[in-house]
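Undergrad: The lines below spell out each chain.
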Amino acid sequence: MQKVAVLGAGMTRFMRRSLETGRELCWEAASAALEDAGLTLADIDCVVLGSAPDAFDGVHLKGEYLLDGAGAKGKPYTRVYVGGGTGVFMVPAGWWHVASGAFRTCLVLAEEKMSSTMPHPQAAFNAIYDQFTERPLGVNLLWIFSLEMNRYMQTYGIPVETIAQVAVKNKKNAKDHPASQVAGDFTVDEIVNSEVMAYPVMRLMVSPVTDGAAAMVLANEDFAKKKGGKHVWIEGVGWNLDTSYWTNRDLAYPQYVENAAKMAFKMAGIKDPRKEIHVVEPYDPFAYKELHHLEGLQLADKGQAPRRLEEGFWDRDTTTGIPSSPSGGLLGVGNPIAAAGLMKAIEIYYQLSGKAGKRQIKRNAQRGMAQAWGDLMQVGTVMIMGV
Amino acid sequence: MKTELRGTSLREDDIQKGTALVTEWRGKIDFAYDAGVAIGQFLHGLKEGKLLGRKCRSCNRVMIPPRMFCELCFRRSDEWVELKDTGKVNTFSISYVNTDASRRQTPQVPAVVEIDGASPGMGIMHLLGEVGDSVEAIMKRVKIGTPVRAVWKPADQREGAITDILYFRPIG
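So the sequence lines, in the order shown, correspond to chains Z and D. Counting along the first sequence from 1, when you hit position 202 you're at 202 in this note's numbering, and nothing is skipped either side. Counting along the second sequence from 1, when you hit position 108 you're at 108 in this note's numbering, and nothing is skipped either side.
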């Protein structure tokens, strides 16, 4: 198996509505990533694209619609999709193209333009529910997450004020991210007292609707060494899906995230993740999800991630804890679904290569992980990078 | 990373004033989904005022929503089991957002209800009713574990749909 290095990354701004079409967003992110890697499209052997359902765009064959902006003309091209988990899954998908020995290099690209659905992408989201037993009840997307959040809170006795601290932390961290859409300084009171969407989910605990794209360039060891310089390597990848009968599952704990994390730990040779992982970007489309996922990722015991949060263990400037979502996450930077997940993986690349600028964490980081989640709250996708 | 990223952010009035142009398209597609073997039988059961589950004799689970296969044993499931129309609340939410993302004045209370007679943890999503119309009142009335019973449509109005159950209401 070939070792796989990250040679560069790029992204667009994250925006509620972009002038650029999806194809133009792809071009902007892809060209920025190639520029960062010091390569041209001629160096790229294959392209992997990630994007959410076609219904967001009202464009069928969305992969093909985006193809030219993604730099895929005349190249082996694959689109992969696991709902909200897609963004981080782009890293395993790009990785296997190169690790297999089939290609020297791979351009990995994630795009989302959610603003085309008017006035809101809710109708597209509602089709995730079962068409016989759920949709006729008059569903909306918030239901499923508020149901999971309540089960998590009640199982462990977690106050809503504690969960609100995730939104405070991430929106603050995002002030230093140049792509940010909804960064800012908020108090716990402001978060908790924002409009009730579906209790216990309040408006400021939900990530926004966003347009944006992100890209990453991967290469095998031989190519990376010829290119020269110090590289960040993909050390482990994992993914896992639980049953689609989501009302039959334990909603207090994401077992599928644990399974995905353990697959990645095994590949990376990690025995004690709490010591060996130095920075983490867990998926945070809702405030509680960051905590839920930190537990699934084995970085906190079940029900204990909220306590670590109160202790400052996940703060960006911690020297004894594990900085979590130093980018500002989906709650701060924004949530162009697939592009948001890849933004989180790219943050690990920036942190490990010392390119995170004002967001650079205080502790010395040799290894970091990113994770995303989605579909019917059933998929965990994980990647681990190291230097 | 670069601190100047590309991308042009539009505001709401850019479109209203026509400074940014859009082309509109309304994609209307109608579907009629075949209910299938398992859910077809389940919907027939609802029309008769019954909740049906499906049993796997290998792992002994009684499953709802029913399926003609057991995804754990990966074998054909064995028999239909009539469940009770009672259960307990696994989790619930208090939603002020409609299915089209517009606001509601009084909330809906979606819940996962674990059905009595099915295996532990086997629930379905439905709505709770008769539980109040504010966050405070509902939080007081409903807890995780609260026992509930289905409130059915009158028999002559049932059509073989999940909405043949109007909602679940707390017992006692």
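Treat the hints loosely; a few may be bogus.
[As the list claims (entries may be wrong)] Some but not every residue of chain Z turned toward chain D, in silico, with C-beta under 8 Å:
no., residue
1, T21
2, R23
3, S100
4, A102
5, R104
6, I128
7, G157
8, Q165
9, M197
10, N240
11, L241
12, Y245
13, K266
[What the hints assert, rightly or not] The list that follows gives simulated cross-link-like pairs (lysine-lysine, DSSO-like), each with its CA atoms no further than 27 Å apart:
no., chain 1, residue 1, chain 2, residue 2
14, Z, K227, D, K2
15, D, K2, Z, K226
16, D, K88, D, K2
17, D, K84, Z, K302
18, D, K55, Z, K302
19, Z, K358, D, K84
20, D, K88, D, K55
21, Z, K225, D, K140
22, D, K143, Z, K175
23, D, K84, Z, K355
24, D, K84, D, K2
25, Z, K172, D, K140
26, Z, K362, D, K2
27, Z, K230, D, K143
28, Z, K266, Z, K225
[Claimed, not checked] Ranges of calculated distance between the beta carbons of each label pair, as one might list FRET restraints:
no., chain 1, residue 1, chain 2, residue 2, range
29, D, D30, Z, G157, 20 to 28 Å
30, D, G129, Z, R363, 33 to 41 Å
31, Z, K226, D, K2, 38 to 46 Å
32, D, M139, Z, A102, 24 to 32 Å
33, Z, Q255, D, A137, 29 to 37 Å
34, D, Q41, Z, D317, 23 to 31 Å
35, Z, R135, D, P154, 50 to 58 Å
36, Z, D185, D, N60, 28 to 36 Å
37, Z, P119, D, E130, 44 to 52 Å
38, D, D133, Z, E161, 48 to 56 Å
Since the hints were made in silico from the structure, they are not lab data. Every residue, glycine too, gets a C-beta built ideally from N, C-alpha and C.
Undergrad: If you test the structure against every hint from before, which numbers come out violated?
TA: 1, 2, 3, 4, 5, 6, 7, 8, 10, 11, 13, 16, 17, 18, 19, 21, 22, 23, 24, 25, 27, 29, 30, 31, 32, 34, 35, 36, 37, 38
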